[in-house]
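A.B. asks: All the letters of the sequence shown, read from the start, carry residue numbers 1 to 351 under my numbering.
If you are wondering where the hints come from, they were derived from the structure by calculation, not from laboratory data. Predicted model, so just to flag it, every value in this text is computed and none were measured. Not one of these hints is a red herring.
Simulated restraints, written as ranges between beta carbons of each label pair:
| no. | residue 1 | residue 2 | range |
| --- | --- | --- | --- |
| 1 | 209 | 60 | 47 to 57 Å |
| 2 | 9 | 71 | 24 to 34 Å |
| 3 | 266 | 70 | 38 to 48 Å |
| 4 | 277 | 308 | 14 to 24 Å |
| 5 | 252 | 70 | 45 to 55 Å |
| 6 | 211 | 9 | 35 to 45 Å |
| 7 | 250 | 189 | 15 to 25 Å |
| 8 | 302 | 189 | 22 to 32 Å |
| 9 | 206 | 166 | 11 to 21 Å |
| 10 | 111 | 10 | 34 to 44 Å |
| 11 | 206 | 140 | 11 to 21 Å |
| 12 | 240 | 140 | 26 to 36 Å |
| 13 | 266 | 103 | 43 to 53 Å |
| 14 | 261 | 16 | 47 to 57 Å |
Don't be surprised by glycine CBs; every beta carbon is placed ideally from N, CA and C.
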Amino acid sequence: MQQVSKSDCFSWPLREGDLRIDHVIPVKGSKSGLLVSGLRRNSSPFAYFAPFQTDKPEPEDFESFQLTQGEQLIGAHSGQGQLIIASAINGDSGSKLVLQSLTAKRVLLEHNFSSQEILDGELISSRNGFWLLLKTSNHRSNAVFVALNNGRYTVHPISSQSWPNHPTLIPSGAEATALVVWLDDDSPPKIHTQALRESGSVMPESILRNGIRDLEVYAATARDQRLYIGLVEGDTMVGEAHLRVNVFRLADTGFTLEKSVKFALNDVHTSAPLFLDASGGLELVLLNWIDEESTIARYQIGSLLGSKPRFSGVFSTGMRIMGHLASPTEGDFVVTRHRSGPQWTFQQCRI
Numbered sequence: 001m002q003q004v005s006k007s008d009c010f011s012w013p014l015r016e017g018d019l020r021i022d023h024v025i026p027v028k029g030s031k032s033g034l035l036v037s038g039l040r041r042n043s044s045p046f047a048y049f050a051p052f053q054t055d056k057p058e059p060e061d062f063e064s065f066q067l068t069q070g071e072q073l074i075g076a077h078s079g080q081g082q083l084i085i086a087s088a089i090n091g092d093s094g095s096k097l098v099l100q101s102l103t104a105k106r107v108l109l110e111h112n113f114s115s116q117e118i119l120d121g122e123l124i125s126s127r128n129g130f131w132l133l134l135k136t137s138n139h140r141s142n143a144v145f146v147a148l149n150n151g152r153y154t155v156h157p158i159s160s161q162s163w164p165n166h167p168t169l170i171p172s173g174a175e176a177t178a179l180v181v182w183l184d185d186d187s188p189p190k191i192h193t194q195a196l197r198e199s200g201s202v203m204p205e206s207i208l209r210n211g212i213r214d215l216e217v218y219a220a221t222a223r224d225q226r227l228y229i230g231l232v233e234g235d236t237m238v239g240e241a242h243l244r245v246n247v248f249r250l251a252d253t254g255f256t257l258e259k260s261v262k263f264a265l266n267d268v269h270t271s272a273p274l275f276l277d278a279s280g281g282l283e284l285v286l287l288n289w290i291d292e293e294s295t296i297a298r299y300q301i302g303s304l305l306g307s308k309p310r311f312s313g314v315f316s317t318g319m320r321i322m323g324h325l326a327s328p329t330e331g332d333f334v335v336t337r338h339r340s341g342p343q344w345t346f347q348q349c350r351i
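Can you build the whole structure from these sequences, using the hints too?
C.D. replies: Now the structure itself:
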């Protein structure tokens with residue numbers, strides 16, 4: 001029998017006049033919180049920033065900002081005393097990026113991006129600014145680095161490279177680079193890595209010696225010169241699968257496998273793995289479900305050998321984890337999404 005700790009959740013509130021919420025995006029940094037966007041009952045868009053708190057928020061605490069009709073919210077960077085919001089606008093001649101400051105209440109920069117539409121995106125903060133990983137209408141993803149220097153903003157597109165299959169971008173903690181990790185379309189598939197410089201140049205790609213078999217989904221992150229790959233292999237829909245965590249160390253010749261640990265996933269269905277910066281250190285989490293019950297399994301990366309996961313739950317079926325926030329005193333929280341009738345319902349849950 002697994003012991004499951006209680007998870008307290010609340011649904012993100014609709015204000016008077018709101019019809020639906022489309023996006024709730026966690027923001028980490030000096031000013032942590034949630035970006036929220038959606039549609040009003042009069043068909044106009046709305047967007048606001050809600051400072052992070054552990055109990056249900058009050059609408060009077062929300063800080064509104066402007067989005068135009070059809071503008072795609074990507075994320076926000078919190079640092080250097082500012083909250084900078086990134087969004088995308090698609091038009092007949094292509095797409096453009098828009099950066100606006102919630103602190104200064106003004107648009108900072110507009111940058112024509114591509115002839116392709118931007119369908120989705122992610123903002124990843126780094127030491128010297130932030131990266132944007134943008135999924136475009138040609139079913140590939142492009143990267144852009146936005147450098148922040150004494151109030152000036154410079155956009156460095158990675159114009160020579162794009163990647164398939166929902167890549168992961170991981171900034172370097174100390175150097176002016178980032179690592180892109182992606183899966184190719186071979187059978188069996190291989191995991192590739194490629195380093196990017198903030199200046200806009202790229203380095204040669206390499207293939208991890210991973211030995212993938214019957215891969216369903218995977219996740220990647222990096223810490224302290226190590227690359228962590230979590231793989232779900234087998235068939236989770238029939239409850240016959242396992243989770244494998246591979247740890248690679250960065251050497252002069254590239255990444256070398258340092259450790260591999262496997263965990264059985266018997267008689268449960270599971271979702272894609274997700275790495276979280278939890279209050280107790282780096283964790284890998286899986287959303288598991290049996291019949292109508294869902295629980296979150298939490299694997300502590302720092303003590304993988306011989307360790308067993310902790311479990312939090314019970315959650316709504318069909319739930320997806322959208323992100324994570326942590327409080328030094330109150331623990332860890334996830335932002336979740338599940339379908340409720342014709343609309344999405346977003347929740348903040350303590351795990």
